[in-house]
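> Each chain, letter by letter, is given below.
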Amino acid sequence: MSAAEAVPANAGRKLALARGSQAALFVLAIALVCRLLGAQFEWLMKWPAALTVPMTDWMTWLVGGFLDVFKPIARTFTFLVSYPMEGVGWLLNALPWPMTVALVTALGWTIGGLRMAALGFFGLMFVVFSGYWTEGMNTLALVAVSVPLALLLGTAIGIAAFEFPRVKGAVNALLDVMQTVPTFAYLTPLLVLFGFGPVVGLIASAIYAAPPMARNVLLGLERVDTEIREAAVMSGGTRRQQLFLVELPAATQQIMIGVNQCLMAALSMVIIAAVIGGFQDIGWEVLLTMRKALFGQAFLAGSVIVVFAIIIDRMSAALAEPRPQQDRKVAFGILGAGLLVTLWSVFAGWSPSGFAALDGVAAWVDTGVGTFTGNHGATLDTVKNTSMFYGLLPLRIGLAEAVLPFTWGFMWTAKHTAMLYGVAAVISLILMLKGRVTAGLVVMILAYVAEIGIAHLAWPVVIFGAGAIGWVAGGWKLARLAVILLGLVLISGLWERALLSLYLSGAAVFACAIVGGALGLWSAMSSTAWAIIRPICDLLQTIPLFVFLIPVLMFFQIGEFSAFLAICMYAVVPMIRYTRHGLTSTPDEILEAATASGAGKWQTMFEVRAPFAAPTILLGLNQTVLYAFAMLVIAALIGTTGLGQSIYLALGQADVGLGITAGAAMAILALVADRLVQGFAEERRQALGL
Amino acid sequence: MTDKNSTAPAIAVEDLWQVFGENAAPALRDARGAGDDKAIAKELKDKTLIPAVRAANFEVKSGELFVIMGLSGSGKSTLIRCISRLIEPTAGSVRIDGEDILQASDKRLIDLRRHKLGMVFQHFGLFPHMTVADNVAFPLKMQGAGKAERRARALEVLELVGLKGREDTYPRNLSGGQRQRVGIARSLAVNPDIWFLDEPFSALDPLIRRQLQDEFLNIQATLKKSIVFITHDIQEALKLADRIAIMRDGEIVQIGTPEEIVLHPVDDYVAEFSKDVPKGRHACVESILMDGIPDNMPDDPGIKVGMTLDTALTKCMELYEPVPVRDAAGKVIGAVHPHELANALQAEET
Ligand SMILES: Nc1ncnc2c1ncn2[C@@H]1O[C@H](COP(=O)(O)OP(=O)(O)OP(=O)(O)O)[C@@H](O)[C@H]1O
Ligand SMILES: [Mg+2]
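Residue numbers (my numbering), protein chains in the order written: chain A, 1 to 690; chain B, 1 to 350.
Extracted from the complex, chain A is given alone in its bound form:
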């Protein structure tokens, strides 16, 4: 960066600091007013019921009417789709398992040689021995029908967005919304439209899996080299010939990435959709065994899902890579061997259901977990209770209510409140004297949050706080967006539940930021660490959301802490990846300059790499936020309060109004958080002149 550019960047930073202080002061003033006058004016603390708009009812009426109109069409569709679905299901079940194993192994060989063949073979053999063959095949049948639908839909949307620039903006907005609306929220209206049954899962997964495909098709088409495009034009191709003979094939690599993401999304959604029930699939099996606390079985069924996910992911990812041609003969050999074993199995009467060879494992896991929890129950309880009583609970309801004699050993009184604010004021003063005005003000705001708790925060503090952050991160436009969207949630009557969701996801994001940041830093410093952490990250990103619930349930039973852990496990991955990526991708000449100035390893890390990595790390945080919200809804299955629970309840009762409003509220929270963090990332990037 030249000196000429450095000057305005610096000026911008000073301005941002001033903006930050102004915003913090503004929020602090609101907090002060609410704190002092909240007792007299109750409307400050709690939005009056009289002013609440019955959005849920309106939604029920509005969407209900809409759904009634489209129901006949949808039901016809259900009827039509059920044929291919049942057909594929029948086929997969009727096909003798040795033949299926051979087919997948041969496919693996063709795609990626020995490694993929081995993956296919051992993976499917595991499924055979687990005794969940039938359930597994039912799940695969759903995926097999929903994925082509999603691919078709996604490709069509992607092409439309590319061909008609006017459509593109709308499509991008739609895709954004489709990705922030929580998965369960799709299900309720679909349930009403298409009726109970597996078709809903199928359609939900097709809808859920189409956006990644559409995005990648669009991206791929946009990235086709201009001259390749023009060469097709000059050859005299019609627009359709250009598109299908040149541009789409030239974009294959990007499109295959889309196919991979589409497959994974479809699998994930098919398994989530199992909560509707009515279909003997593997997701349902996990849910059932979990509810019965048969953790060994749940673990086994969950492993089957993981195996499917890994096979599908790795094989379709290999498709996107350029690869050598494999020997066809080997593939035919594998198929031949499969055929022989099939014949043999028919004579010997092997049926996949007779292969519950791993029930022993399930039992072993059960006893193992039982013994472990028996022996270390006290430790586990300590972990859980400590985190709950000293971490999560105060965050949720504030120190003033969470500090009780039987946990903390004393009763919170006005004296403690005074002490809390006193200490905060001293720290704040020191910070301000050091010139860090914003930090000082933020400390005071945090003291207020600590006393009151997130779930009890006065609504003006939350809404205008978000507005103020938006103003700092992205100016008036972002501030307005945040205030209006959150205002909608406020008047919808879902505010308290939204705060609960905010609290749990906020706590999880906070934990992820610290743990993920530390792990990312460690991975950046030591390649050994990355060699260990990376495969774990890969695995965690492959596993469908649902499966995360199993291990936490095994050890910590149903409850908020388990949900918190499940969210953290899932949401920590992007934080690790982006932190490491940001820290390791500093341009070489900057590093050399630092070394030449005599900076040590850690000095370089904190003085040079970290500021440079800030925008990337913020993007990681952004992903973590979105992941946390996505998992929050799934975690409702094992005991959370808040919006997730409402969405789940709505599903159980086929309550479209509640399902949609709660889903929308959740999407709003995710969207606002997303925009705020992205605003900061953008601001940092500009400050760095990137």
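No lab work stands behind these hints: they were computed from the structure.
Idealized CB from N, CA, C, for every residue including glycine.
Where hints are given, some of them may not hold.
Some chain B residues near chain A, calculated using beta-carbon distances under 10 Å [claimed, not checked]:
1. Phe20
2. Glu43
3. Lys47
4. Arg95
5. Gly98
6. Ile101
7. Leu102
8. Gln103
9. Lys107
10. Arg114
11. His115
Put chain B with the ligands on the given structure of chain A with help from the hints.
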């Protein structure tokens, strides 16, 4: 070869503008009031628009090889993109064989491109998912030719560019120069009447480059296509061109025969291009004729119209008085001073 309208030039470009940026067309219309082309361009630049081609005016005659030269970013590629209507010009008109191509319907354009126009791209623009043969045969496929015919023709042109035996590899497995030759082969496959070549030999080594240039001149001598050829290499331009246009910042600063460009550059920019060119080999004696014909010329070494300076000088090495220049019929049409001859050749060496 189709029957050409004998009166109309192959390509006629009139007041052609290409301005990149938001709302370029209205901005250009507003800027027209500013005065001459330079003033217009300045006004556009002030609005952060990019006038990549400004007020281009020229004609390419049927069967002519027209070369465009200019520094990087001077708008050469943009100009031929406008002519072939790969991008919509902001203003102006382009006629191909008398037909206004900017008014042509999509259908007509497809037709023209299938049968009349061919293009070699600067960065080759090969289709990554097709083999070399499929790449070359693609324009034929668009024409609706059968599979066997396409294959045969593809092999034929591939042999012409020296890529025999590589027809079933993919472009990614070829070197830069080989890829470039695939691009040339592809545009040759349909035998276009009007041919646009954007630095077609830039990635080739000198040997193959010379071979292909000769091959190219051969083709041109027999088929007489109308060609717009972009190059950075003045030697190549002088060797191939009937006429050369020099571009600077989107503007065509001079159009002329190779000799005019070398001997009478309109400004330093143009002169800089031909700085290293041995002028004696490109300029003819007519270019340095004296004013008037002296009455008395004692020597007559036999200087004829069309003789290069080099040849002329060797003939009058030891002479000091003006000598006559005769045309083919032997009639004296002017005179040159041997001293001037030497000067003209020396000027470039300093
Ligand atoms: N699509 C476009 N959008 C905006 N600007 C463009 C576009 N295409 C070209 N330009 C600009 O127009 C100018 C002329 O570009 P052009 O590619 O025609 O140059 P050129 O003479 O072919 O250069 P080179 O010899 O490097 O190929 C350049 O300043 C370029 O940045
Ligand atoms: Mg160019």
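> Tell me the hint numbers this structure goes against, listed in increasing order.
1, 2, 3, 4, 5, 6, 7, 8
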